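Taken in sequence, the protein lines are chains G and P. Each residue of the first sequence is one higher than the last, beginning at 1 in the UniProt record's numbering. Each residue of the second sequence is one higher than the last, beginning at 1 in the UniProt record's numbering.
Source of the hints: derived by calculation from the structure; they are not laboratory data. Incorrect hints may appear among the rest.
[Unchecked claim] With the C-beta cut set under 8 Å, the calculated list includes, among others, these residues of chain P facing chain G: (1) 29; (2) 54; (3) 67; (4) 71; (5) 103; (6) 106; (7) 149; (8) 151; (9) 162; (10) 164.
Only a predicted model underlies this, so the values are computations on that prediction, with no experimental measurement involved. Positions of the beta carbon are idealized from the N, C-alpha and C atoms, including for glycine.
Protein chains: 2
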Amino acid sequence: MGMLEIKTERTTNKKNQPDVDKLGFGQFFTDHMFIMDYTEDKGWKDPRIIPYQPLSLDPAAKVFHYGQTVFEGLKAYFNVDKRVQLFRPDSNFKRLNASNERLCIPAIDEELALEALKKLIRVDCDWVPAAPGTSLYIRPFIIATDPCLGVAPSKNYQFIMIMSPVGSYYKEGMKPIKILVEQNYVRAVAGGTGAAKTGGNYAASLKGQEIASKDGYSQTLWLDGKEKRFVEEVGSMNVFFKINGTVVTPELNGSILPGITRDSIIQLLKSKNIPIEERRISIDEVVEAFHNGTLEEAFGTGTAAVISPIGELNWLGEKVILNNGEIGETAQMLYNHLTGIQNGSLEDPFNWTVTL
Amino acid sequence: MGMLEIKTERTTNKKNQPDVDKLGFGQFFTDHMFIMDYTEDKGWKDPRIIPYQPLSLDPAAKVFHYGQTVFEGLKAYFNVDKRVQLFRPDSNFKRLNASNERLCIPAIDEELALEALKKLIRVDCDWVPAAPGTSLYIRPFIIATDPCLGVAPSKNYQFIMIMSPVGSYYKEGMKPIKILVEQNYVRAVAGGTGAAKTGGNYAASLKGQEIASKDGYSQTLWLDGKEKRFVEEVGSMNVFFKINGTVVTPELNGSILPGITRDSIIQLLKSKNIPIEERRISIDEVVEAFHNGTLEEAFGTGTAAVISPIGELNWLGEKVILNNGEIGETAQMLYNHLTGIQNGSLEDPFNWTVTL
Ligand SMILES: Cc1ncc(COP(=O)(O)O)c(C=O)c1O
Ligand SMILES: Cc1ncc(COP(=O)(O)O)c(C=O)c1O
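Extracted from the complex, chain G is given alone in its bound form (with noise of 0.2 Å):
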C-alpha cells in the first residue's frame, strides 16, 4: 500500500515574524501546521497542512479529562551550508510510537509523519531562524478526542505537528545551572508513564520545580520514586556525572525518557573512547565522590539546551559544586562536537542528521 497523499491549503493571511531578539522558547508558532485524524473504522486518514488554527474539541474530549496525550520535541535549523537540517528525526517518530504502545494510542506510520514534517517545514521555510543558536522547534503531539466521559482508551485521536521558532539557548554564553535534588515529590515510577512522552509526566513534576524556582535554583533532580535514592533525570533533560574520569548516566529502568540525546552523547563517548557507564547511580555514589574529590563534571541533555552544565546540586540543604562552578571540560567538548554535527561543520559518521 502506498503511502497516504498530504494535501497543502496555504494561508491567505501570513502573519508578521517576531523580531529574533525576542523568539524566547515555543511562544509564536509558523503559518500552518500539520494534522491528520484518526478513526476507529478507517484508521489515520486525512494528512494535511492547513493554516494554523485553534481546535475544535468538545468539552467531553478525552484528552481534557484523562490524560491521554503524548508528544515529541525535536529541531531544524540552517547548517553551515545555508540548508535546512534536522538531527534524528526517525529517532523523534519512533519514540512517539513507543510513547503511544503506553498509551493505548494507535501506531502513526513513522516514513509518512516525516515526509508530512519536511513537506511541513518546506511550507513555512521562511519561519526557520538563520540567526547562530536560534531554531525551528517542531512539536508532534497526538491528543484522545472522544466525547465521552468513560475511562477508556479513546476511538478517535489527532496527530499534530506545530512549529515554533526559538531563540538562542545560550544567548548570553553557555552557565552552568543550579539545581535542587528533590526529597518529596515525585516525577516517574517504574511501571508508570516516565519512560513515555506524555503530559502526566510533566504535570507531576510542576510541583518540584516551582519549590525549586522559589530557592533560586533552575532544575530539579528527579530521584527514582520506589527508595528516592537513585537519581533519574534533571528537569526535562537526562543527565551524566563524571567521576573518577568515567561518565556515568543512569541506565533506562522504565522511568526515565531515553533521550535521543542522551543516546547520542553516548555514541559519541564511545567513539572517543572515553569511558561511558550506564548503570544506577546514587545520589549518596554522587555525594561521596564531592567529598572524596573524584566528582569531576555533570550535565544535562536534551534537544533545547543540547547539553546544560551543571555548576550546583543542592542535596537536603548541603551544596555539592561541581568543577567549581564552571563549565567541565567533558561538557563543552561534547557540546561542541554535536553542535558542530548539528549545524553541518563538523562530520557525521554516524548518518544523523537529514538535510531538506
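Given the coordinates of chain G, assemble chain P with the ligands onto it according to the supplied hints.
Frame of chain G, contents of chain P with the ligands only:
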C-alpha cells in the same frame, strides 16, 4: 467582597433527549455548560452559563502537552420527594482545590462553584432523568490554556462544568465483578499525583485496564508503586475488604484518591459500630485471609457505582473467590443504606444531601 455574578445565555436550539434505555455513561450532554476564565492579572472571572458548545483552543495550549488539568465527578438525581438533590457537592469542590494545589492551578471559589452548579442544574433541570438508578452525572474540570510550550504552570485556565444524563449502573441488578491484580504497571506512587484527580493518573491506568479486559476481568486492582505489595485502588474506585468481621481499607497514603464514597462508607460503618480500619493492607494478607477462610467480602466504592462487590481477585493466576462469588451482606447493607440516604428514603443524620 461579594460573589461574582453568574450570567446565563440560554440556547435557542434545544437538543432531542436520548432514550433513557440508551443513556450509558457520559455519552450525552445537556443543553448548557458552565464556564469561567482565569487570567494572571484578573484571577477567576466572568462565570457564565452558555449553550453546550465546542472549546476553541490554540494547538499550543498547555493542556494538550503537559497534562495540567484536574477534574471532579458527582451526581444529581431525583429524590423520593421528586426534588433534585446532590450528594456532598462541597466535598467535590474541596477535593478539586486539593487537586489544584498539587497541579499548581489557582484555587477556585468553592462557594461560587456550588452556586454555579445549582444554577446550571436549574437551567437544564429537564435533563435530570427520573428512572430508578439513573442520574445526571456532573463533570467539573479545569484546563490550562496558555498557548506556550515552556514546561511551567499556565497563566491562563478555564473552569468548565458539563452534565450528562447517565443510565443505571445496575440495570441488570448488582453483580459482583472480577478483578485482575496488576503486577507490572503502576497507577501512582507516593510523591506523585495519585491523590489528585488529574488526567495523568487515568492515562497511566489505561494499559492495565486493557490487559485486564483481554483476560475477561472488568477492572484492575492496583498495588503500590514502591513495593508492589500494598493494595491501593480498584479501577477508579477505592477498595474495602472484610476480614474476620473487621472492614479494612487502605489508608490515605498520598497515592490513593480520597474518595467521597469511601469517606461516607467509613462514617456509616462507624455509626453502626462495625469495626473499620484504615491501614496498609498487603495483597499477601488478603490472599492469606482467603486461604485461612477469614476473607469474607471485598468491594469497591465510587460515585458511579456507589458499591461494587468483588466476586473474584486474580493474583498471579490464583483465583481468590470472595463470598462464593455472591454479593456480600455488608456490601449489600451499605449499598442500601447509602443509596437510601442519597435518594431521600432514609434519614440523613450526616447532612450529606443538598436539595435544590
Ligand atoms: C523528561 C525528559 N527527559 C529527557 C529529555 C531529553 O530528550 P531528548 O534528548 O530526546 O530531547 C526530554 C525532552 O527533551 C524530556 O522531556
Ligand atoms: C481513581 C479513583 N479512585 C476512587 C474514586 C472514588 O471517589 P468518589 O467516591 O469520590 O467518587 C474515583 C472517582 O470516582 C477515582 O477516580
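Unmet hints by their number, sorted upward, for this structure: Number 6 - this is the single hint that the structure violates.
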